[in-house]
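Novice: This is what each chain is made of:
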Amino acid sequence: MWLILCSGQDISALWAYHGLQWRGLTVELVTAESLTANVRWVHTVGLKGANTNITLADGRMIDSRLVRGVVNRLTHVPLQHLRDAPDFEYATQEFTALFMSWLKTLRGPIYNGVDAQGLSGAWRHASEWVWLASLAGLKTLPYKQSSDDQFDETTQLRRVVPEGTSTSMAIALGDQVFGPNLPPQTSRACRELARISKTPLLGIELVSDISSHSWAFAGATPMPDLRLGGEPLLDALAANFFQSENGYKL
Amino acid sequence: MILLCGIPSETPMALVRQALDQSGTRYALLHQRKFSSMRISMEILGGQPGGKLQLNGDSYSLGDFTGVFSRLMDYRYLPELKDTPEDSPQRNFCRNLFDTLTRWAEITPARVVNRVAPMGSNFSKPFQAQIIARFGFEVPETLITNDPELVREFRARHGRVIYKSISGVRSIVQTLTDDDMDRLENIRWCPTQFQAFVDGTNVRVHTVGQKVFATAISTEATDYRYAYRQSGDHAELRPVELSDELAEMCVNLAAGLGLAFAGIDLKITPDNHVYCFEVNPSPAFSYYESNTGQPISSAVAEYLAGH
Chain A
1 MWLILCSGQD ISALWAYHGL QWRGLTVELV TAESLTANVR WVHTVGLKGA
51 NTNITLADGR MIDSRLVRGV VNRLTHVPLQ HLRDAPDFEY ATQEFTALFM
101 SWLKTLRGPI YNGVDAQGLS GAWRHASEWV WLASLAGLKT LPYKQSSDDQ
151 FDETTQLRRV VPEGTSTSMA IALGDQVFGP NLPPQTSRAC RELARISKTP
201 LLGIELVSDI SSHSWAFAGA TPMPDLRLGG EPLLDALAAN FFQSENGYKL
Chain B
1 MILLCGIPSE TPMALVRQAL DQSGTRYALL HQRKFSSMRI SMEILGGQPG
51 GKLQLNGDSY SLGDFTGVFS RLMDYRYLPE LKDTPEDSPQ RNFCRNLFDT
101 LTRWAEITPA RVVNRVAPMG SNFSKPFQAQ IIARFGFEVP ETLITNDPEL
151 VREFRARHGR VIYKSISGVR SIVQTLTDDD MDRLENIRWC PTQFQAFVDG
201 TNVRVHTVGQ KVFATAISTE ATDYRYAYRQ SGDHAELRPV ELSDELAEMC
251 VNLAAGLGLA FAGIDLKITP DNHVYCFEVN PSPAFSYYES NTGQPISSAV
301 AEYLAGH
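Chains A and B, in that order, give the protein sequences. Going by this note's numbering, the first residue of the first sequence is number 1, and it counts up by one from there. Going by this note's numbering, the first residue of the second sequence is number 1, and it counts up by one from there.
The set of hints was computed from the structure by calculation and includes no laboratory data. One thing to keep in mind: the hints can contain errors.
To be verified - Quick list of in silico lysine-lysine cross-link-like pairs, DSS-like style, CA-CA up to 27 Å:
| id | chain 1 | residue 1 | chain 2 | residue 2 |
| --- | --- | --- | --- | --- |
| 1 | B | K52 | B | K34 |
| 2 | A | K139 | B | K52 |
| 3 | B | K82 | B | K34 |
| 4 | A | K144 | A | K198 |
| 5 | A | K198 | A | K139 |
| 6 | B | K34 | A | K144 |
| 7 | A | K48 | B | K267 |
| 8 | B | K267 | A | K144 |
| 9 | B | K267 | B | K211 |
With the hints as extra help, turn the sequences into a complete structure.
Specialist: Below, the structure is given as structure tokens:
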């Protein structure tokens with residue numbers, strides 16, 4: 001069983017779901033919304049390892065031991081049906097903690113795996129991405145942040161380049177990079193960034209510097225719009241899943 | 001130069017500061033409640049983090065700090081912000097100040113006790129338990145479910161069972177009683193964590209870099225942190241020596257979680273099985289130090305100083 005875990009509103013994931021099905025994979029689409037209401041959860045941890053068995057309201061069963069690969073794009077646990085409950089905040093934290101542990105039980109290629117900083121990979125701050133991008137060998141622009149900034153990070157996303165800057169999105173998947181045509185050195189650095197950030201499917205936003213014919217780092221996300229990778233990205237995803245099914249190590 | 005960040009009167013912070021004083025190590029104290037007199041700017045140039053911190057009338061280059069001890073509280077609960085509106089300039093400044101400080105601490109090459117990112121594993125106990133098991137520790141048999149029938153079976157199989165929060169929300173560990181079974185239907189709306197009770201001696205292990213301090217706790221209570229409330233007697237604490245192998249496992253576990261300083265909760269059974277329940281990334285070690293005299297704060301100070 002291969003899973004696509006995403007919000008029901010995630011157009012990019014739904015596109016990937018249909019594309020992977022068309023390529024012959026038996027993919028189960030499981031939305032975040034379907035994982036919280038009228039669901040039976042059985043999650044065990046102990047001497048024999050950790051397992052999860054989920055029975056969805058539509059009768060489908062997801063046994064973590066039978067999962068062979070995952071496209072994971074869960075960002076949060078939607079609990080609208082509990083919004084008026086007195087312990088709503090507590091329930092949100094408990095469900096999120098359960099999701100973290102459940103996702104940790106999944107095996108096979110996982111794009112992307114749960115992390116202590118996010119359900120579908122680490123959601124890093126712009127400053128940390130810049131630092132990692134530089135370590136990976138990407139050209140980076142000077143980054144500045146201070147206590148005097150007129151900026152509210154509780155409502156705004158801090159960006160590496162000014163809002164409105166024209167950028168391109170490359171998507172690193174394993175040892176391949178999809179999207180814009182990049183010089184080999186930049187492409188290599190994108191793959192390295194995915195590796196050191198432990199994010200096997202990573203969107204890397206780049207800004208083109210025409211004067212020096214080079215690309216500079218402008219941001220990264222563990223949840224890029226997959227459509228920007230086009231059909232070649234889905235071909236590669238499907239190939240990775242099939243290889244894993246046949247026992248090849250990625 | 002060491003940077004101490006937090007509330008100076010908080011006991012763990014006060015102990016580390018005292019240890020630094022005793023060793024003659026230079027430090028700067030960032031008193032969180034005096035945020036309005038501080039300024040910080042961070043920059044990353046060519047991958048190198050740097051910047052300036054204005055504090056107590058002095059200006060420091062962030063690159064001069066080789067060690068950082070952070071026990072910052074959530075700025076939203078600072079008394080100085082109590083009556084300020086959400087969008088006030090004061091609140092915005094405070095948020096940006098501590099955010100910039102925290103972001104710098106995440107990437108500085110300095111020794112940081114502890115960085116924020118690795119502390120996240122403690123947000124989910126079973127998530128952390130899966131990591132713990134990879135380091136050779138036994139973890140208690142755990143069931144998280146919203147199916148009451150499975151809980152009945154679990155209790156029938158294991159006898160004494162406890163329940164506690166799944167997340168990092170602080171909860172008192174309780175034994176599942178017959179009275180609790182009468183309200184078991186309540187779990188249907190939110191899965192709940194149940195664990196087979198493990199009999200044995202509670203041992204809190206503090207790791208500071210490669211150093212290990214183990215404290216045995218004797219109590220009849222299910223949750224020794226609430227010993228008096230649950231059993232009517234205070235818990236008794238005494239220093240114990242771990243085997244070299246177990247001490248190394250603890251050091252490896254903390255390092256594996258990315259924690260320079262950790263509080264590891266173990267239970268050692270009568271037949272010498274070592275169960276690990278949790279790793280606390282921000283341990284309130286002063287309780288153990290004050291009861292046993294173990295020099296945990298000195299070890300933290302030495303670690304920060306690079307000794």
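Novice: Is the Cα-Cα distance between A:K48 and B:K267 27 Å or less?
Specialist: holds, 19 Å
Novice: Could you grab the alpha-carbon distance between A:K139 and B:K52 and see if it respects the 27 Å cut-off?
Specialist: holds, 24 Å
Novice: Take a quick look at whether B:K82 and B:K34 sit within 27 Å of each other, Cα to Cα.
Specialist: Status holds; Cα separation ~14 Å.
Novice: If you draw a straight line from the CA of B:K267 to the CA of B:K211, is it 27 Å or shorter?
Specialist: holds, 20 Å
Novice: With the threshold set at 27 Å, check whether the alpha-carbon distance from B:K52 to B:K34 stays at or below it.
Specialist: holds, 17 Å
Novice: Please verify whether A:K198 and A:K139 have alpha carbons no more than 27 Å apart.
Specialist: holds, 20 Å
Novice: Does A:K144 lie within 27 Å of B:K267 when you go C-alpha to C-alpha?
Specialist: violated, 47 Å
Novice: Take a quick look at whether B:K34 and A:K144 sit within 27 Å of each other, Cα to Cα.
Specialist: Holds. B:K34 to A:K144 sits at ~24 Å (cutoff 27 Å).
Novice: Is the hinted pair A:K144 and A:K198 satisfied, with a Cα-Cα distance of at most 27 Å?
Specialist: With Cα atoms ~25 Å apart, A:K144 and A:K198 stay inside 27 Å; holds.
Of the numbered hints given earlier, the model fails hint 8 alone.
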